[in-house]
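Which chain is which? The protein sequence lines are A and B, in order. Heads up, the first sequence is in my numbering, so the first residue is 1 and it goes up one at a time. Heads up, the second sequence is in my numbering, so the first residue is 66 and it goes up one at a time.
None of these hints come from the bench; they were simulated from the model. Among the hints, a few may not be true.
Said to hold, decoys possible - Sample of chain A residues at the chain B side, in silico, Cβ under 8 Å:
hint, residue
1, Glu22
2, Gln26
3, Pro40
4, Ala59
Said to hold, decoys possible - Here are some chain B residues the structure puts well away from chain A; computed CB gaps all over 12 Å:
hint, residue
5, Ala326
6, Glu371
7, Lys410
Quick reminder that beta carbons are idealized off the backbone N, C-alpha and C, glycines included.
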Amino acid sequence: MRIRYDRERCVGSGACAFTLPEIFDQDEDDGRVLVLVERPGAEHRKAIEDVAASCPVLALSVEDD
Amino acid sequence: MTAEVTTAPITAPAFPLSRSRCPLNPPQEYERLREEQSVSKVTLRVSGKQVWIVTRHDQVRQVLGSPDMSSNWKLPGYPLQVPLPPDVLETLELPLVAMDPPDHTVRRRALIPELTAKRMQALRPRIQEVTNQHIDAMLAKGGPVDLIQELAVPVPSLVFCELIGVGGENVDFFRRYAEQMVNRDITPEEFGAAQYEMEMHLQGLVTAKTENPGDDVLSRVIAKNNETGELQHNDLVALARMLLFGGFDTTANIIGLGTVALLENPAQLAEVKADPSLMPKAVEELFRYLSISDSATARVATKDIEIDGVLIRAGEGIIALNGSANRDDRFFADPDALDIHREAKGHLAFGHGNHQCPGANLVRVELDVVFTTLFSRIPTLRLAAPVEELEFKHDQLIYGLYSLPVTW
Chain A
1 MRIRYDRERC VGSGACAFTL PEIFDQDEDD GRVLVLVERP GAEHRKAIED VAASCPVLAL
61 SVEDD
Chain B
66 MTAEVTTAPI TAPAFPLSRS RCPLNPPQEY ERLREEQSVS KVTLRVSGKQ VWIVTRHDQV
126 RQVLGSPDMS SNWKLPGYPL QVPLPPDVLE TLELPLVAMD PPDHTVRRRA LIPELTAKRM
186 QALRPRIQEV TNQHIDAMLA KGGPVDLIQE LAVPVPSLVF CELIGVGGEN VDFFRRYAEQ
246 MVNRDITPEE FGAAQYEMEM HLQGLVTAKT ENPGDDVLSR VIAKNNETGE LQHNDLVALA
306 RMLLFGGFDT TANIIGLGTV ALLENPAQLA EVKADPSLMP KAVEELFRYL SISDSATARV
366 ATKDIEIDGV LIRAGEGIIA LNGSANRDDR FFADPDALDI HREAKGHLAF GHGNHQCPGA
426 NLVRVELDVV FTTLFSRIPT LRLAAPVEEL EFKHDQLIYG LYSLPVTW
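Could you put together the complete structure from these sequences and hints?
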């Protein structure tokens, strides 16, 4: 499983970093998403899909390797 | 275009529609509209202009996510909902909320690093301290008290003043302004005067922060801008104005309404009292359930677009009702029930798209702290008046309570 993210779309809402700080962070310079763990364990899948659904610009997705 | 394109319906009821049933619910008419006429016209009470409303979750997301929708208040078709006088509007440096890319993108990126999830979480100890002080004062005073004046207003106001680096003595002045900016019933003269007074104040504030930077959001945005040179003095004033507008009144309103919603659902309140780790999820559900900025998500079309078979022409205004979207049973099961165990993911209470509320993570932390502390320190808290007798802000752009008598 791999997290796909689109930094060009990202508007820095930080909803992902707020909900899953162990997986997402925000760039100190422009507030946009940083993915700390690009290939998290399968146990995180549902939580990541949930934050992806709450992303205001739908910049996150999960794909299988 | 498909063959199903329809023309505008003839009737256009006055907007905002009334909340005739339980005041914690959005207007009941939304439910009928979602089923029968999900894209329809209304007449703005403030101006008499006809604009579109969209009511379903997918439609609201479509409008707010579309590059063919502008947030520019100065475009003639934009559905302004407060009586902003034309001469004031003409010279107004538009706030972030009223800008489109690429201007919006540059300014948002200047601000967002100051409001990251991590920075907002770092404020938690201070928010806790301020909350404790106000609850101490409530307890010392003894019930009944007005929760709006004792807690809901002062806590976020003080946190906000500290965040942007202005002294607590400014709280009342800023709050009065923030309230005027969402008042549909203010006269254009009053609006213009309030706007001018605040503009002068903020001009001075930005100059002061440029000359003597402090440890605050505004100073850091200004200092960073000195290096990049992307923003002008007036841009920074507009940014400060938007922070005030967005950060003052909103949180106070949701603290008041959220307290009522939790007290009215005692079984769920008992659960979060017993296990405060449930609170963040409960808070997210309260955002969905209460949707206090229901009609603040407005746009004007810059191209003809079709939404579910209805043609909206370039230049026409649209209010994408996030409060209706958040009660859409196509997206949320049993949407009129408050359910703290619900996955409220995908709610649109902070808007959607590139304008989504940049302060959302601050409000999340504030509500978590305030509700957890309030109900743990005053576990017997109850309303001191029946819900039907409470004074709700039916006339305001941001929904809330004027006062909330509570006792214990």
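Verification of the hints:
1. Glu22: Result: violated, 12 Å to nearest chain B Cβ.
2. Gln26: Holds, about 4 Å.
3. Pro40: Hint on A/Pro40: violated, closest Cβ of chain B at ~18 Å, above 8 Å.
4. Ala59: violated, 11 Å
5. Ala326: holds, 21 Å
6. Glu371: holds, 21 Å
7. Lys410: Violated, because the least Cβ-Cβ distance between B/Lys410 and chain A comes to about 5 Å, which does not exceed 12 Å.
Hint check: violations occur at hints 1, 3, 4, 7; the rest are consistent with the structure.
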